[in-house]
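**Q** Here is what each chain is made of, one letter per residue.
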Amino acid sequence: MSSTTTPFALLPNGSALPWSEVPAWSPEDLVTATARELSEGGRLCAWFGQSSKAGVVLVSVIAFDADASLAVARSTPVHRSYPALTLLHPQAHLFEREVWEQHQVTPEGHPWLKPVRAVAGSHPLQGEYFRVNGAQVHEVAVGPVHAGIIEPGHFRFQCEGEEVLHLEIALGYQHRGIERALRGGPHRATLAQMETIAGDSTVAHATAHTVLRAALAGVEAPLRAQWIRAIGLELERLANHTGDLGALANDVAFLPTASACGKIRGDFLNLTALICGNRFGRGLVRAGGCGYDLDAARLSTLANRLATAVRDADQAATWLWESPSVQSRFEGIGTVSSRQATEIGLVGPAARACGLVRDARFDHPTGWYRFAQAPVAVWPTGDVLARARVRALEIQRSGEFLRTQLAAGVEGPIEEPLPPPAPDALAIALVEGWRGEVCHVALTDHAGRFAGYKIVDPSFHNWMGLALALRGQAISDFPVNNKSFNLSYCGFDL
Amino acid sequence: MSLLWDLPLRLAFWLLLAPLVPGLINRIKAWVAGRRGPPLLQLYYDLARLWRKQVVMSSLASPGFILGPAVAWVAVVVAALLLPLGPAGTVLGFSGDALALVYLLALARFATAWAAMETGSAFEGMGVVREVSFAVLAEGSILSALLALGVQSHSLALNQMLAPTVGTGSALLAAGLFTVLLAENCRVPFDDPNTHLELTMIHEVMVLDHSGPPLAAILHGASVKLLLFSVLLVQAVLPVANLPAPAAAALLAGGVLGVVVGIGLVESLIARLAFRKVPLLLTTAFLLCLFALLVAWKGGAG
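Heads up: the protein sequence lines correspond to chains G and A, in order.
Using my numbering, the first residue of the first sequence is number 1, and each one after it goes up by one.
Using my numbering, the first residue of the second sequence is number 1001, and each one after it goes up by one.
If you are wondering where the hints come from, they were derived from the structure by calculation, not from laboratory data.
Stretch by stretch, here's where chain G covers chain A in the computed footprint (C-beta under 8 Å, at least three residues):
hint: 1; segment: 1027-1033
hint: 2; segment: 1262-1270
From chain A, some residues computed to sit far from chain G (all C-beta separations above 12 Å):
hint: 3; residue: R1010
hint: 4; residue: A1106
hint: 5; residue: E1139
hint: 6; residue: A1175
hint: 7; residue: A1249
Every residue gets a Cβ at the ideal spot worked out from N, C-alpha and C, and that includes glycine.
Modelling step: build the complete structure from the supplied sequences, incorporating the hints.
**A** Encoded structure:
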C-alpha cells in the first residue's frame, strides 16, 4: 500500500495537522492498519502513548520514504491492554515496551516485555536478562561504569568461550525526564534542553524542535536561517564521522588514522565555533531562525579551513582502506543483513551500511535540503567496514555539499518572531542528524501548549542493531562494533 | 670482577635501565604520530607514584593476590640475571640455565595468572585464558630458538649459546624471536598496551584490579621482561660476546635500540590482529625458530 491508498492521515515532513483530522480507530484496528502499512514498505518512526482524560491513546507515525510523506493515526483510549504490534513487526518492540513502561498499557503477546529505562525508581541493571544455559556458557557483565570516558550503559553478554551467543543492553541511567519537562511548554529552558538531548547532535535536535515549532505556528524560518542550520548540521556530521573513524582506528590500535582524526575532528568543531562561538553548535539554532549570521569574511575563512579539513579527513580515511591489517579487522565483522536492518527499523549510517537507501535529507527533505542535496551514501555489506565506509563517503559528500552551498547563500533576516502555535494540533519533524533520523512529534492542547512531546533519537532504533551485529562474533570485537554504531546513551534515555 | 661487585652492578643495570624501554617506545610512537608524547622517564614517575599508594584489595582475594606479583617480579629479575651480558658473561650461569630461564618466565606467568584468578572477576578469568593459551604457542618458539642456539654451540649454558655465528639461521631466529618478543610482552599486533577496553585485553586485563606497590612490581617486571627479550634477541643474532668490551657494549646498546625502534614502528603502523588470527602468527614464529634449528643442525652436521 502506498501513501495514495492509506487510511492514515498524510502530511509532509515539518508540518502540522489538526488533532481532529488524525483518524481514530480501536487499538486493535490501529495495530492491524499499522502492521499492514509496515508490511508494504512503511517504516515506523514513532509509536507512543498520549494520556488524555478518557485514557491512554496510542499514536502511530509511519514514514513512506518513497513518497516523501508521513502517515499518522491514533487509537481510541486503550483499556489496560491491546494486541502487540511487535509480534508482526519487531521494529515496534522498544516502542511498545516504552508505552507499557510509561502508561501501564500492556501489549498482549510482547515477547520481551521489560522496562526500557526503568524509571520506577529501580536500577536499569536490576532486571531480568535473557540467559543461555549450558556448562560452557558464561556471562560477562560490562558497565554501567566503563573504563573510558563514555556514557553509562550495561551490556550483558552470554558467551561460549570467546564467542558471543547473545547480547542484551540495559540503558536508562541518564533518564532526565525531558519529554515530561516539555509538557505545558515551550518554556524558557526548552531550546536549551533540546540541545542537550544528545550533546553530539545539538544542531540536529534543535533543528527538529524548531522546525516543529514553526510548523505549529504555521510559518517557516527565514531562508537564510535554514541555510545556516544546514551548514551547522553538516559540520556536526563531519566532526562526528571523523571522530568515529578515528575511534574505530584506535580500537584496532591503528595509530595513524586514530591520531589524525582526533585532530581533524577538532578542526571541524572549530568551524562550528567560528559560526556561533560554541564548538557543539549551542545557541546556533533559535526558535524563529538562527542566533548567529555569517558575514563575508567569516564565510571565506570557513570555506578555506573546511577544504583543508575535508582533504585531511579523506587522507586519514584512505590510510584505513590501504592497511591490510585494518581491513582484516573490519571486513566481515558484525554483519547485519539488509533484511534484519529493515525488520528492526535501522536508521542513519547503520542502515545505509546495510544497503538501505534511507536518509531523511533525501527521503523527507525540509529546510535547505529541499533546494540542495548530497547523494545518499550506501555500502552493501552491513559489516564494520561498511559502517566505516559510509562515514567516509558522507565526509566527502557533506564536504562537497558545503563547498557548493557556502557559495549559494541567500540574503535576508536570520530570525523572525514566531506567531502563537496552533491549538489542538499535531506536528512532526524529521531531521537527518549524523547518527540518523531524529524524530520529534508534538501535540498541543487547546491553548497551543505542548500536551505531549515525543522524541525519537536514532539510537532508539539502532541499539538493537548492535545487539544483532554481535551474534556469533568474538567478544573481543565488541568495542569495534560498538564504535561502528556509536549510539547515544543520553539520546536514548531522554 | 668479583661476584660482590658484579651482582649489584648487574642488578642495577636491569632494575634501573628497564623502565627506560617503554618510555623510548612511547616516544617513537609519538614521533610517528606527530605528537609530543609522554616524558621519556614517565614509567619511573609512575612507579614512584604507585609505590607511595595504598593497596586496595578485594574482600574475596587471598594473600595470593599480593604474592603473585611479588613472585612474578622475582622470577623475571632472576631470569634476567641468568642472561649473559656480552663478553662480561653471566654471574649465575650453569649448564642448563637456558631451560631455567624459560621456566622462570613460565613461573612468572603462572604467578600473574594466579593473582588474577584471585579476584574472581569474569574479565580477569577471560584474560588468563587468553594469556595462557597464547603462551603455549609462544613458549614452543622460545624453546626451539634456544635449541637452535644449543645445537649450534653444543651447549645448554646461555654463556656459550649466546655467541652465535652470523648466518641464515640468524635471520630466521631474528624474525621468530622478534615476533615472540611482541607476543610475550603484550605489544601490538598481539595486544595493545594502551587500550582501555577490557574486552580486548590479554595481559592488561589480568592486572586490572591491582593497585599501589603490587601494580608497580607488575609494571616494573614487565619492563624488565621487555629488556630481557631485547637483550636475548640481540645476543642470539649478533656475535656480541666475541667482541672487546667497548665494542660489545656499543653493539648491544645499538641492537637493543634497534629492537625498540622496531617495536615502536610496528605499533605505529599496523593494527592489532583479531584473536582468532593470533595462533597463525605465533605458529609462523614457531616455524621460523624451527627452521633456524634445522639450519643449525644441518650446518653442524655438514
